[in-house]
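Protein chains in written order, with the working numbering: chain C, 1 to 319; chain D, 1 to 330.
Please note that a few of the clues may not be correct.
The calculated SDA-like cross-link candidates involving lysine to any residue, where the alpha carbons are at most 25 angstroms apart (straight line), are [as the list claims (entries may be wrong)]:
no.	chain 1	residue 1	chain 2	residue 2
1	D	K202	D	E271
2	C	K126	D	E46
3	D	K198	D	S175
4	C	K126	D	G32
5	D	K110	C	E306
Since the hints were made in silico from the structure, they are not lab data.
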Amino acid sequence: MEYLQIYGKMLLIRRFEQRVAELQRAGEVPGFTHLYWGQEAIATGVCHWLTEDDYVVSTHRGHGHCLAKGADAGRMLAEIMGREDGYCRGRGGSMHVADFSCGMLGANGIVGGSLPISTGAALACKLAGDGKITVAFFGDGAVEEGVFHESLNLASLWSLPLLFVCENNQWAISVPVGRRQAGGGAVALAAAHGISACAVDGNDAVAVVEAAGEMVMSARQGKPGLLNCQTIRWGGHHSAQPTRAYRTEEDCTRGEAACPIARLGKRLVADGEATEEQLQAVRAEADRAIDAAQRFAQSSPLPRAETVTDYVYYEGSAE
Amino acid sequence: MGQITYAAALNRALAEAMREDPKVVVLGEDIGALGGIFTVTQGLLEEFGPARVFETPLSEACYVGCGTGLALCGWRPVVELMFTDFLMVAMDQVCNQAAKLRYMTGGQAKLPMTLRAPIGARNSAAAQHSQSPQAWFAHTPGLRVVMPATPADALGLLASAIECDDPVLVLEHKSHYGDKGPVPEGRHRVPLGKAEVKRSGKDVTIVGCSRMTLLALEAAEQLAAEGIEAEVVDLRSLNPLDREAIVGSVSRTRRAVVVDEGVLDFGITAEIAALVHGELFDELLAPVVRVGAVHAPIPFSPPLERAAVPQVADIVAAVRRCLGKKPADI
Ligand SMILES: Cc1ncc(C[n+]2csc(CCOP(=O)(O)OP(=O)(O)O)c2C)c(N)n1
Ligand SMILES: [Mg+2]
Chain C
1 MEYLQIYGKM
11 LLIRRFEQRV
21 AELQRAGEVP
31 GFTHLYWGQE
41 AIATGVCHWL
51 TEDDYVVSTH
61 RGHGHCLAKG
71 ADAGRMLAEI
81 MGREDGYCRG
91 RGGSMHVADF
101 SCGMLGANGI
111 VGGSLPISTG
121 AALACKLAGD
131 GKITVAFFGD
141 GAVEEGVFHE
151 SLNLASLWSL
161 PLLFVCENNQ
171 WAISVPVGRR
181 QAGGGAVALA
191 AAHGISACAV
201 DGNDAVAVVE
211 AAGEMVMSAR
221 QGKPGLLNCQ
231 TIRWGGHHSA
241 QPTRAYRTEE
251 DCTRGEAACP
261 IARLGKRLVA
271 DGEATEEQLQ
281 AVRAEADRAI
291 DAAQRFAQSS
301 PLPRAETVTD
311 YVYYEGSAE
Chain D
1 MGQITYAAAL
11 NRALAEAMRE
21 DPKVVVLGED
31 IGALGGIFTV
41 TQGLLEEFGP
51 ARVFETPLSE
61 ACYVGCGTGL
71 ALCGWRPVVE
81 LMFTDFLMVA
91 MDQVCNQAAK
101 LRYMTGGQAK
111 LPMTLRAPIG
121 ARNSAAAQHS
131 QSPQAWFAHT
141 PGLRVVMPAT
151 PADALGLLAS
161 AIECDDPVLV
171 LEHKSHYGDK
181 GPVPEGRHRV
191 PLGKAEVKRS
201 GKDVTIVGCS
211 RMTLLALEAA
221 EQLAAEGIEA
231 EVVDLRSLNP
241 LDREAIVGSV
251 SRTRRAVVVD
261 EGVLDFGITA
271 EIAALVHGEL
281 FDELLAPVVR
291 VGAVHAPIPF
301 SPPLERAAVP
311 QVADIVAAVR
321 RCLGKKPADI
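Work out the full structure: start from the sequences and follow the hints.
Right, dumping it as structure tokens:
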């Protein structure tokens, strides 16, 4: 039954992203959005092991992490649409969506920028001494940033309860990982910093759940780890970006063929863990949830211009 | 009031805050056994132990971000940068992350982090250990910036910074660490955003902060011998800026000289001159005169170093100019 829930969460993320893309085409989503479709097994499989008190930090491609950690789809969609009832009251948008009430400390517009912050959240967990952990999600591009190495070193040196999760979708905008990175990639680099690491097929929800389960348990005992999840970016870097200039049609459709949701669904039916009808019911439930989220977001007002400087400082501090 | 050094005053602020609030922790390079290269964290490791005093690797971006993460999760970190110049290595974490997080999250984030960093040209530390880049940070929404000139203000401002729920950058002047001054014995706070008139006078207002306040006081002393009574306003905070105190003083003296150790162009003095001109254009007897560092990195050789940043004589000359006096008049 656990996996049926995981299937449902992955599907919720998928439907959410599909709706975001639709709404964006309809002109209802300002800016640009980096969609998480195709990578759902990673956020879902890792967050499966987390409680509301654990922390996660995320990236520009952060909708999936937010939903997997327990954020509400309506308030997220409202944020992405720049509405007052969004999690960040329309100040953050897709790239900065956060829900502190469920330990989601924020997407991030700076590649690698959330990794140092994750060391502090993890140090807070360690100081609290109550077994909480922090998970840092990041893309393969972040591995090239200096702060990746600094953060791995600090986590290792201070035995931080911190799990690094690399979502290796092979691309950073238009350049494949092989043209960006020398050396052995995230797993080898983790080893160089004394951090135990393993690679997993990030399109296989069961494999992610199993690998993450062990690493989350180690992290709770003060042993940081790195999980390198191989996955595939579906389509362009962000929702409006054409890929023709750098990516073959075949490479783009490879993702859909490896769809982690279809794969898990097939497996559940084959193993007799779920029936086709049950999956159908889960799909219908996801559709209902996203319809409700859209109604909520569309009925939320846009922020008033005169509030533009609200929330720069903490109320009650010096002015 | 006892006399203690600026470094000892900062140290007292840290130790008192750590005793009062178990959520206050300190992070930085060489802040343990050595007590920081300017002695500000001396004794903290002994008193509070390694679970409150974190000696970090040489990873400025990482440990500033670590402070941010701690602050987001309910701690009150004080992060020491060995030199303000090294903050530039952590610029993303300061200006893109810490300063913006409260805003970007629509008020969800509370970020009570204090960053302490030494500024100033002194002792031929040369171009990468001598800068006064306060304008960069004062230009960043979300980041409070304070610049104590005296031991008492160092104690009071750092104590207030630690209690503040916004990220605060405390810029400490390297020339001041060994300077002694009177400091109140008991609890002492200097509110953020409150300037102080450090000398009263009716002829001209000199606005400064940090070391420039001390040079302005020396300049005022020299000018007094010529019969010119200068008022010295010490900003103490750049953000929040005490606009009322500046405008209040200049509305009485009707002349202003603004001094800053940062590069003159596009700097603090331009902001204050614009404020004064905007508010008091009709009352001013002369345009505001600005004094700041030259448009060059801080050089190594002593005569060049002196030439790069404002000296007392530069402030005296600026005041005379503001009063319409030619050198020959004196
Ligand atoms: C410091 C920084 N450099 C560059 C960018 C521009 N940028 C945004 S996303 C991206 C690619 C990141 O690739 P990866 O980390 O693999 O994440 P993915 O987009 O594949 O999920 C780049 C270069 C940025 N946002 N921040
Ligand atoms: Mg990538």
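Cross-check of the supplied hints:
1. D/K202 - D/E271: Roughly 23 angstroms between the alpha carbons, so the hint for D/K202 and D/E271 holds.
2. C/K126 - D/E46: Holds - the C-alpha atoms of D/E46 and C/K126 are around 21 angstroms apart, at most 25 angstroms.
3. D/K198 - D/S175: Cα-Cα ~19 angstroms, so holds.
4. C/K126 - D/G32: Roughly 20 angstroms separates the two Cα atoms, so the pair holds.
5. D/K110 - C/E306: Holds, at about 22 angstroms.
Hint check: no violations occur; every hint is consistent with the structure.
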